[in-house]
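Participant: Here's the letter readout for the chains.
Protein chains: 2
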Amino acid sequence: MTLTTDQRTLFRQFRDYRWESVASQPYKEDGAAPFKTIARQVLFADAQLDCELRYFEIAAEGYSTLERHEHMHAVMILRGHGECLVGEDVRSVKSFDLVTIPSWTWHQFRATGGEALGFLCMVNAQRDRPQLPNEQDLAALMANPVTAAFLAD
Amino acid sequence: MTLTTDQRTLFRQFRDYRWESVASQPYKEDGAAPFKTIARQVLFADAQLDCELRYFEIAAEGYSTLERHEHMHAVMILRGHGECLVGEDVRSVKSFDLVTIPSWTWHQFRATGGEALGFLCMVNAQRDRPQLPNEQDLAALMANPVTAAFLAD
Numbered sequence: 168m169t170l171t172t173d174q175r176t177l178f179r180q181f182r183d184y185r186w187e188s189v190a191s192q193p194y195k196e197d198g199a200a201p202f203k204t205i206a207r208q209v210l211f212a213d214a215q216l217d218c219e220l221r222y223f224e225i226a227a228e229g230y231s232t233l234e235r236h237e238h239m240h241a242v243m244i245l246r247g248h249g250e251c252l253v254g255e256d257v258r259s260v261k262s263f264d265l266v267t268i269p270s271w272t273w274h275q276f277r278a279t280g281g282e283a284l285g286f287l288c289m290v291n292a293q294r295d296r297p298q299l300p301n302e303q304d305l306a307a308l309m310a311n312p313v314t315a316a317f318l319a320d
Numbered sequence: 168m169t170l171t172t173d174q175r176t177l178f179r180q181f182r183d184y185r186w187e188s189v190a191s192q193p194y195k196e197d198g199a200a201p202f203k204t205i206a207r208q209v210l211f212a213d214a215q216l217d218c219e220l221r222y223f224e225i226a227a228e229g230y231s232t233l234e235r236h237e238h239m240h241a242v243m244i245l246r247g248h249g250e251c252l253v254g255e256d257v258r259s260v261k262s263f264d265l266v267t268i269p270s271w272t273w274h275q276f277r278a279t280g281g282e283a284l285g286f287l288c289m290v291n292a293q294r295d296r297p298q299l300p301n302e303q304d305l306a307a308l309m310a311n312p313v314t315a316a317f318l319a320d
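The listed protein sequences correspond, in order, to chains A and B.
Here the first sequence stands for residues 168 to 320, numbered as in my numbering.
Here the second sequence stands for residues 168 to 320, numbered as in my numbering.
Just chain A, same shape as in the assembly (with noise of 0.2 angstroms):
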């Protein structure tokens, strides 16, 4: 039984790293942020759901945006390993580990491990546009050691 939306038919199998029914998009409707080879696949948006539950993949040296929003993420590593940067925080990632980006938090994903990356994440339906870093945000950011190796990288 298929309901109305891809997201809604009841079972969808996983076969390495894709889902039944479910496209794989690029991870930015526009080129405006800088990223590297990452791309997006929604498991889960519905008008039912107050939540969405995406699933973004980044290849081996790839990164994601360095962002930062009012809402909040909430992220399970699914595959791979790699590094994090949350706020002034750096931390290696491994499959299953759990993430959360609070609030207008600076924030990062590396695939620094030589492999593909890949990350659950959930994020309200209703949600502000990210932010980038201007020129001072970006400078603080390189004034503490941690963080600049990490953007070096």
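Be a bit skeptical, because a hint or two may be false.
Among chain B residues calculated to face chain A with C-beta under 8 angstroms, some are [as the list claims (entries may be wrong)]:
id: 1; residue: R179
id: 2; residue: L220
id: 3; residue: M239
id: 4; residue: N291
id: 5; residue: L308
According to the in silico footprint, chain A covers these stretches of chain B (three or more CB under 8 angstroms from chain A) [said to hold, decoys possible]:
id: 6; stretch: 230-236
id: 7; stretch: 254-260
id: 8; stretch: 266-275
If you're looking for bench data, these hints aren't it; they were derived computationally from the structure.
Here the structure is a predicted model, which means the values were calculated and not measured.
C-beta atoms are modelled at their ideal positions from N, C-alpha and C, and glycine is treated no differently.
Add chain B to chain A, keeping to what the hints say.
Facilitator: Chain B only, in chain A's frame:
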């Protein structure tokens, strides 16, 4: 940096289907609904998130409560394999498969694969309480050979 609640700890490591700073809780608060050998861990729940992400784990041969409710369930299998009833459909499910449980649809998960069956379940933070089948509901489920076979396992 640790914020106010456990779920806001920025990084929480996974180890053997447990997570740092996450308590393993009973599946149901009360003992009124029938279920067998299942535990619950709340991975993400926060005033700023409109959904919760929980991990449920059913031991081999165990099962979740047969129930329905208005709110939708968005499920990803995380561990092992088993079987799942959604409405009149019964399917084998394995790691990373997706299951959508629409409003008012009878559903149950069973760890029939001789091993634990673990799954993520995303739900709205604001949601109704589950309803159990009455005699008439059970008679209808038992009149259908597919659902009857599943429930008789």
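Participant: Now, for every hint given, state plainly whether the structure supports it.
Facilitator: Hint check results:
Evaluation of the R179(B) hint against chain A yields a held restraint, the C-beta minimum of about 4 angstroms falling below 8 angstroms. Against a cut-off of 8 angstroms between C-beta atoms, the interface hint on L220(B) holds, since the closest Cβ of chain A lies about 6 angstroms away. Checking M239(B) against chain A: minimum C-beta separation of about 5 angstroms stays under 8 angstroms; hint holds. Evaluation of the N291(B) hint against chain A yields a held restraint, the C-beta minimum of about 5 angstroms falling below 8 angstroms.
For L308(B), the suggested interface contact is broken, since its CB lies about 16 angstroms from the closest CB of chain A, more than 8 angstroms. Counting residues of the stretch 230-236 of chain B whose beta-carbon sits less than 8 angstroms from any beta-carbon of chain A gives 0, not enough to reach three: the coverage restraint is violated. Coverage of a stretch by a chain is defined here by at least three residues with a beta carbon nearer than 8 angstroms to that chain's beta carbons; for the stretch 254-260 of chain B and chain A the count is 5, and the condition holds. With 5 residues bearing a CB less than 8 angstroms from a CB of chain A, the stretch 266-275 of chain B meets the requirement of three and the coverage assertion stands.
Hint compliance for this structure: hints 5, 6 are broken, all remaining hints hold.
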